[in-house]
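Just so you know, we're using the working numbering here: the sequence shown kicks off at 1 and counts up by one.
For the record, the hints were derived by calculation from the structure and aren't laboratory data.
Cβ coordinates follow ideal geometry from the N, Cα and C atoms, glycine included.
DEER-style ranges, computed between Cβ atoms:
#, residue 1, residue 2, range
1, L80, Y157, 15 to 25 Å
2, T237, L103, 33 to 43 Å
3, T200, I62, 14 to 24 Å
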Amino acid sequence: MKQANVVLVVTCFTFAATDGLAQNEDNTSSLNEVYDPGQNRLFAMSTGRTKPEGKVSVGDFIIFLLQAGYAPADFIHFNLSYLTTFTRGSARYWSVGTKVQILKPSGALKGIAIGADVGFSDELFGISSRYDEHVVSFNIAASVGGSFGGVHLNIAYLASPASSYERAPFPTYIQVGTDMVLSRNENGGGMKLLGEILTTLSNRGISGNVAIVGIRVCTPKSVFDIGWPIAFNETGTAFSRLPFFSFCYVF
1 MKQANVVLVV
11 TCFTFAATDG
21 LAQNEDNTSS
31 LNEVYDPGQN
41 RLFAMSTGRT
51 KPEGKVSVGD
61 FIIFLLQAGY
71 APADFIHFNL
81 SYLTTFTRGS
91 ARYWSVGTKV
101 QILKPSGALK
111 GIAIGADVGF
121 SDELFGISSR
131 YDEHVVSFNI
141 AASVGGSFGG
151 VHLNIAYLAS
161 PASSYERAPF
171 PTYIQVGTDM
181 VLSRNENGGG
191 MKLLGEILTT
201 LSNRGISGNV
211 AIVGIRVCTP
221 KSVFDIGWPI
231 AFNETGTAFS
241 RLPFFSFCYV
251 F
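Generate coordinates for the entire structure from the input sequences, incorporating the hints supplied.
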């Protein structure tokens, strides 16, 4: 029953987004594309696009996670993330990664990209040598749409490089999302409606489903997101007490 509910939600989510694409195809002259420095992601999911070429970005996600990035070309970017100390006690968590667009925009296709990140914790005076603290993630993301918005799909997998890793197998994450232009400013920025849903697949089947719906406000040099997480489980639907929010500045 839970699987059926998840499939229904994902299907409706995708249908609503693709239906919006069709209905707005003839209205692109009045609703032009918004310049979005955060085009490489929605709230937490990756898209098939990369960060704008030649730009450096710094961002903060729900206070705890800090991130910096750089895009040396229009098809690749690098990022460094840091999870603040008080969220993990005495340990600190870092990750470094990259994302490469393997298929550039062409028509309705806005790009297909692959990414990889490696995360590790450190001690007070150096990097920990405990392999079970090292986690590698791989993902592939695709985006389709037009100047009015798009639909995105991301598949991510986590793994540990430690051969002696004895915990349960890491899950696979499937994310479906959409963005839709609500308004556009004279400077090229504007406001978007964002939505995404995460489904977690493990050896026990579908074990977790979380959606986020909200708004993005972007200018040529900044991105601010605020959304509300909604969890789906066997007992029903649960709304988060706190919103998801992030801010990113590009220069």
